[in-house]
Amino acid sequence: MLTVNLILVLVVLTNLKLLGSSRLGASIRVVAAQGVVLGLLPILAHLHELSLRFALLAAGTIAIKGVVFPWLLFRAVREAEVTRQIEPYVGYVASLIAGVLALGVSFWMCTRLPLPEGIASPWLVPVSFFSIFAGLFLIVSRKRAVSQVLGFLVLENGIYTFGVGVTARTPLLVEAGVLLDVFVAVFVMGITIFHINREFDHIESDRLSTLKD
Amino acid sequence: MILALVILPLVAGLAAFGLARSALRRGVLIGTAVAHAALTAACWASPPAPALAGWLALDAAGLLFLSITSGLFLVVSFYVVGYLGQEANRRATDPEEGFLFDNAPEAVFIGCLLLFLSAMTLVTVSQHFGLLWVAIEATTLASAPLIYFHRHHRSLEATWKYLLICSVGIALALLANFFLNVAAAPADSGGSSMVLSHLVASAPSLQTPWLKAACLLFFVGYGTKMGLAPLHTWLPDAHSEAPSAISALLSGAVLNCAFLGLVRMQQVCVAAGLGDFGRDVWLALGVVSLVVGAIFILGQTDYKRLLAYSSVENMGILAIGVGLGGAGAFGAMLHAVNHSLAKAMLFLLSGNILTRYRSKNISQVRGLLAVAPATGVLWMVGFLAITGTPPFGLFLSKFTILKAAFDGGHVWLAAFFLAFLAIIFIGMTTAFLGMAQGEPPKQTRRDRDLWWQLLPPAVLGLLVLWLGLAVPARLSGVLHQIASTLGGTQ
Chain A
2 MLTVNLILVL
12 VVLTNLKLLG
22 SSRLGASIRV
32 VAAQGVVLGL
42 LPILAHLHEL
52 SLRFALLAAG
62 TIAIKGVVFP
72 WLLFRAVREA
82 EVTRQIEPYV
92 GYVASLIAGV
102 LALGVSFWMC
112 TRLPLPEGIA
122 SPWLVPVSFF
132 SIFAGLFLIV
142 SRKRAVSQVL
152 GFLVLENGIY
162 TFGVGVTART
172 PLLVEAGVLL
182 DVFVAVFVMG
192 ITIFHINREF
202 DHIESDRLST
212 LKD
Chain B
5 MILALVILPL
15 VAGLAAFGLA
25 RSALRRGVLI
35 GTAVAHAALT
45 AACWASPPAP
55 ALAGWLALDA
65 AGLLFLSITS
75 GLFLVVSFYV
85 VGYLGQEANR
95 RATDPEEGFL
105 FDNAPEAVFI
115 GCLLLFLSAM
125 TLVTVSQHFG
135 LLWVAIEATT
145 LASAPLIYFH
155 RHHRSLEATW
165 KYLLICSVGI
175 ALALLANFFL
185 NVAAAPADSG
195 GSSMVLSHLV
205 ASAPSLQTPW
215 LKAACLLFFV
225 GYGTKMGLAP
235 LHTWLPDAHS
245 EAPSAISALL
255 SGAVLNCAFL
265 GLVRMQQVCV
275 AAGLGDFGRD
285 VWLALGVVSL
295 VVGAIFILGQ
305 TDYKRLLAYS
315 SVENMGILAI
325 GVGLGGAGAF
335 GAMLHAVNHS
345 LAKAMLFLLS
355 GNILTRYRSK
365 NISQVRGLLA
375 VAPATGVLWM
385 VGFLAITGTP
395 PFGLFLSKFT
405 ILKAAFDGGH
415 VWLAAFFLAF
425 LAIIFIGMTT
435 AFLGMAQGEP
445 PKQTRRDRDL
455 WWQLLPPAVL
465 GLLVLWLGLA
475 VPARLSGVLH
485 QIASTLGGTQ
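So the protein lines, in turn, are chains A and B.
Convert by adding 1 to the 1-based position in the first sequence; the result is the number in the working numbering.
Convert by adding 4 to the 1-based position in the second sequence; the result is the number in the working numbering.
These are computed hints drawn from the structure, not numbers from a lab.
One should not assume that every hint holds.
Claimed, not checked - Here are the computed lysine to aspartate or glutamate pairs in the EDC-like style, where the Cα-Cα straight-line distance is at most 20 Å: (1) K364/B to D63/B; (2) K407/B to D284/B; (3) K446/B to E91/B; (4) K213/A to E100/B; (5) K213/A to D98/B; (6) K144/A to E88/A; (7) K364/B to D214/A; (8) K364/B to E443/B; (9) K216/B to D284/B; (10) K213/A to D306/B; (11) K213/A to D284/B.
Claimed, not checked - Only part of the chain A face toward chain B is listed, based on derived beta-carbon distances under 8 Å: (12) G67; (13) V189; (14) E200.
Built from N, CA and C at the ideal position, the CB exists for glycine as well.
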């Protein structure tokens, strides 16, 4: 219970750090750290019914989110030689305020839903909602393609938090499929970023604005 | 049998990445498409046994959408082979801005195309909601490289929007899956709680608040992929920048796959007694899509975007049909078949027009009937079909939905539906007639169309015509079976 709560607090703090951070490299590291911390969640949330399934899930998550994704994204950033600034549409202070508001809304929303029994911590659901909001906010408020991918990863981490913490009975095949899909998604996004870089000499998605009505 | 349907294109796709000779690759593409269609036809003759402990099974809805996907892929694969014969591995000049660009390697294109077929097949046969999610996300990932076939900045922009918007949308559908799992937790008896038949059977004991939340998130998630307004923003870009054969598959098959995901959700909602709640959301999204489609069709300057917005409109019609339930749901299923065929036909023809006129601008394309009579005639046939003129199939399906609206007492909805169909008809008429008639630009090529440019769209056109004259009894039976699971007054 205590360790689960500690992880959830870390997730909240990393989200706030991402919302207020102006440096791309630091943001990639923070998302990687969040991935590793969340990788421990399936083991800690189900300590009493520990099985090979959760160990495999934890190992896979840590390997992909903590090692493969940061490597891919650092590669994309390095080859793109982008300036280290994140360049937001919404300023950092405003982002942080929005983040705190989202945190409040998440906790309020959870008072409206009947929480399932046997859940590892009452904070699991609100924190997962907060990560989802923070991820969505990062996607729409940042210009760089890499930052948008980071937002997507935070969003996915939020959904993962809910899935691992609340629903214990998702079969391994589906979990593996989800992990594989996310991996391929980030992989394809990385390749696309590489092409965006080659085409535009920099990777700002706000340059992607020719197509409109 | 079901496993073979999924694995065959998967293996062929992976093999296509490694094949060195292009003739062999194209052979593999055609061969796989034919074999897949044959297997699908065999499924009509004798229903296949479920596989993987009931996770993969072919029910009426699955069979219908599998047939659409497989049939469309077969027709389009012939067009693709001809297209690659002209376009593969060469530099090309952009018709609009005049710069040079490369095309993606043919091995990647054909490989992804076959993986795409495998993912779509998995969508149609999945009975497990988690597996369904994995498959729908896989269709996004396999089709993204296809949209980026022409390697220039516009297609790159379209690909990025497609990837990001659809991935975020589908991520929310994953959350919906978890919500559904929580809703089903009290009635759970071992890991099978996410299988459709099990959910429907235990529906009355599902927790209502979680089920409602799941339902709304499914609408956001799969609605994005299906192109329901206001979540459609990726759709016109991807459809206008992808090669025409890919646009045809996106519009005719992928949108239907996402639609199937939502239909599955509605089946659970109906069984849980939340059918009316789901139907209201269907109706709202359908009406918004119809309005958005009509607004952007009027005064549209790009004919591929025109077809894309017509897809938004038609997805709206499908949503309205399901929202009405009963006979409306029957009409929606029939409309899904008709729309796939007609829209794929038009997208293939738009490819012919683009190679001839080197422009996607409606005002640049004049005198199509004089320059290329065969393409021109088919283009007009496609126009009559998509706007729902008798005797084409779309007339029948739109009429069924309209009649369901009147019979259900939704007079205002029916009047609104008719008014917007009329507006869209006017918008499309201006565009299509202008393109068909008039004085062609001087530098336009006047050589004859090739067989692969004409035969696939002609076959699709004949099928739409056939469905307008008579709906086969077997097909009608399947449509009734699906409609009966979607609630509403029968």
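### Task
Please flag the earlier hints that this structure goes against, numbers listed from lowest up.
Violated hints (numbers, rising): 1, 3, 11, 12; every other hint is consistent with the structure.
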